[in-house]
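Asker: Each chain is listed here by its residues.
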Amino acid sequence: MTRPEPTPSGTAFPGGWRRALEEGASRYSYAFLDESAKREIRRRILKAIALPGCQVPFGSREMPIARGWGTGGLQLTLALIGPEDVLKVIDQGCDDSVNAVNIKKFVGRVAGVRMTTDTRAATLIQTRHRIPEEKLDSGQVLIFQVPIPEPLRLVEPSERETRRMHAEADYSRMWLYLYEDIVRYGEITVGARYPVMVNGRYLMDPSPIPRWDLPRLHRAENLFLFCAGREKRIYAVPPHTDVEPLSFEDFAFRVERFPGRSCSRCGAGDSFLDEVIDDARGLRSWVCSDTAFCEKRRRRKAPPAEAPGGSR
Amino acid sequence: MTPLLAVRGLTKRFGAGCGECLDRTSALRETNRCPRCGAILACREVSFDLYPGEVLGIVGESGSGKSTVVRLLHFDLEPTAGEYRLAVADAAAGGGGRNLFALSPFQRRRIRNEHMGIVYQNPRLGLRLKVSAGGNIAERLLMAGWRHVGRIRERASELLRQTEVPLARMDEPPRNFSGGMQQRVQIAKALSTRPALLLLDEVTTGLDVSVQAKVLDLLRSLQRELGIATLVVSHDLGVIRLLTSRTIVMRHGEIIEQGLSDQILEDPQHPYTQLLVNSVL
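Those protein sequences? They're chains V and U, same order as listed. Going left to right, the first sequence walks through residues 1 to 312 as the working numbering numbers them. Going left to right, the second sequence walks through residues 1 to 281 as the working numbering numbers them.
Only chain V is shown next, with the shape it has when bound in the complex (with noise of 0.2 Å):
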């Protein structure tokens, strides 16, 4: 079987395929999703709130993008948003990678919202593996996509049996795999996807955030929402939630840091910063990992006249 040629003189597609694409796309109910999954999933994220850290099974739809490269964020994105609403999407840290870049193009295709790359600015943040440097305050929502919910599959790979240790709060092994660590190495060695205690009831997988970001969890302004569209999993930190990483008496939650170094573009000493090697001559520098909150602080600091663009 021959495909049809994408041409727009095309007798497959009559006035070209992208615009075939865009009727299409018309078609579909708003944002994507029908409105009974919208419902489903709107109902799984009020549990998920209700019972902070706690996992809530749902009906994980198929979406335009495969499995593992972001649907359960983007799921909880369409089942949101509205028309009002200005959307940021970030993949660890950065507004304009491909993972980020696609799936903007496609909410804004289906939803019509604005875009934003200012974390200010933004209503909904869809995130992956960051949570942005500035502050968020009540009226936004941060959207993590999750690629293992489960906290306790890196112990235990029986689903049965990590729920029973969920529904018995038994987390003993956690806490042994922990100690292990430390008899072993000398430190907990746990980098991203630190498990943390929500409201002293359940363990929860942070998603793999560094440890950096953990401290911002924590009795926070805004609504966190997780989701692994794979694994068909909804979890939440409402906001004022107490979430704690596990740690020892003697052995303290640390997070990562970069002494002596700071951002080769912004100057940042106080930021998540991620190592830049330039392999033509050999030179190793740190950059932050939020690009939004480097661009602002450069804006801040640069004459006007070589402020907009700057250097992309």
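Hints in this document: simulated from the structure, not taken from any laboratory. Where is the CB? At the ideal position from N, CA and C, for every residue including glycine. Honestly, I wouldn't trust all of these hints.
What the hints assert, rightly or not - In the SDA-like style, the derived pairs of lysine to any residue whose C-alpha atoms are separated by at most 20 Å in a straight line are:
hint : chain 1 : residue 1 : chain 2 : residue 2
1    : U       : K130      : V       : Y177
2    : U       : K130      : V       : E161
3    : U       : K130      : V       : S172
4    : V       : K47       : V       : E231
5    : U       : K130      : V       : D137
6    : U       : K130      : V       : T189
7    : U       : K130      : V       : E156
8    : U       : K130      : V       : P157
9    : U       : K130      : V       : R27
10   : U       : K130      : V       : E231
11   : U       : K130      : V       : R173
12   : U       : K130      : V       : K47
Unchecked claim - Okay, the calculated bits of chain V under chain U, using three or more residues with CB under 8 Å as the criterion:
hint : segment
13   : 157 to 169
14   : 294 to 301
Claimed, not checked - What follows is a set of in silico ranges between Cβ atoms, one per label pair, in the way DEER data are often shown:
hint : chain 1 : residue 1 : chain 2 : residue 2 : range
15   : V       : S247      : U       : T31       : 53 to 61 Å
16   : V       : L154      : U       : L22       : 27 to 35 Å
17   : U       : R8        : V       : E159      : 33 to 41 Å
18   : U       : D171      : V       : G269      : 55 to 63 Å
19   : V       : R230      : U       : G206      : 39 to 47 Å
Fit chain U to the supplied structure of chain V, relying on the hints for placement.
Answerer: Showing chain U alone in chain V's frame:
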């Protein structure tokens, strides 16, 4: 004196049951399998008391239901019927003399962690063989809410010293250990939270004779030092003679004789007990 542990009418049936199971099986009828529906009555209407500091033995041939009793008491299995009271657990359960089998799994697990220690015949059941010996002990302490690595390690090394496991091997996984040493780590783990009740399920079975003697020696001296109420399950009359003061003889899931250990071993009344005592090599 009030008993530490009281068990009444403990019954465990595997299979659907037909309503006549209890009437059609018993030690007298020489079977624990209901001929009508095929259900197995692993233990039927077992009742006994255990007093503080006492060591009670349960003896019987394999399949007589002695391990089932221990597993029921440790909440590893759900009973079909029966009542189970533990004097020390009453405060935690919120009310005097409550039936522990009626509690939620969450409450039962708490009582188990706080008040019970168990040593299985197979170290695989009681230990995580890939986690270090110290970690195995730490697991119970972590369950009990210990959150200080230094203090956990202190307590773990104290226990390992007591059970004669070389401290140098504290951070090695028990799968590298010999059978006797694994058993001693298991004992250390069981004792870590200072339980009121210790359950020993065929602790020396499968060990060679000299190691058996060492483990029994250890258990006896620990018993003298700590005075924990202990339930010893064994098919080995030597173990029963050495460790226990009172003994229950089980057959086909039923208690057929009970009394002081010496009395049972020297002057058995029930024909089966007589056979058992006489078949010792």
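Asker: A separate judgement is required for each hint: does it hold in the structure or not?
Answerer: Hints and how they fare:
no. : hint                        : in the structure
1   : U/K130 - V/Y177             : holds, 11 Å
2   : U/K130 - V/E161             : holds, 19 Å
3   : U/K130 - V/S172             : holds, 16 Å
4   : V/K47 - V/E231              : holds, 17 Å
5   : U/K130 - V/D137             : violated, 46 Å
6   : U/K130 - V/T189             : holds, 18 Å
7   : U/K130 - V/E156             : holds, 13 Å
8   : U/K130 - V/P157             : holds, 15 Å
9   : U/K130 - V/R27              : violated, 57 Å
10  : U/K130 - V/E231             : violated, 28 Å
11  : U/K130 - V/R173             : holds, 13 Å
12  : U/K130 - V/K47              : violated, 38 Å
13  : 157 to 169                  : holds (count 4)
14  : 294 to 301                  : violated (count 0)
15  : V/S247 - U/T31: 53 to 61 Å  : holds, 57 Å
16  : V/L154 - U/L22: 27 to 35 Å  : violated, 47 Å
17  : U/R8 - V/E159: 33 to 41 Å   : holds, 37 Å
18  : U/D171 - V/G269: 55 to 63 Å : violated, 39 Å
19  : V/R230 - U/G206: 39 to 47 Å : holds, 45 Å
The structure fails to meet hints 5, 9, 10, 12, 14, 16 and 18 from the earlier list, while all remaining hints are met.
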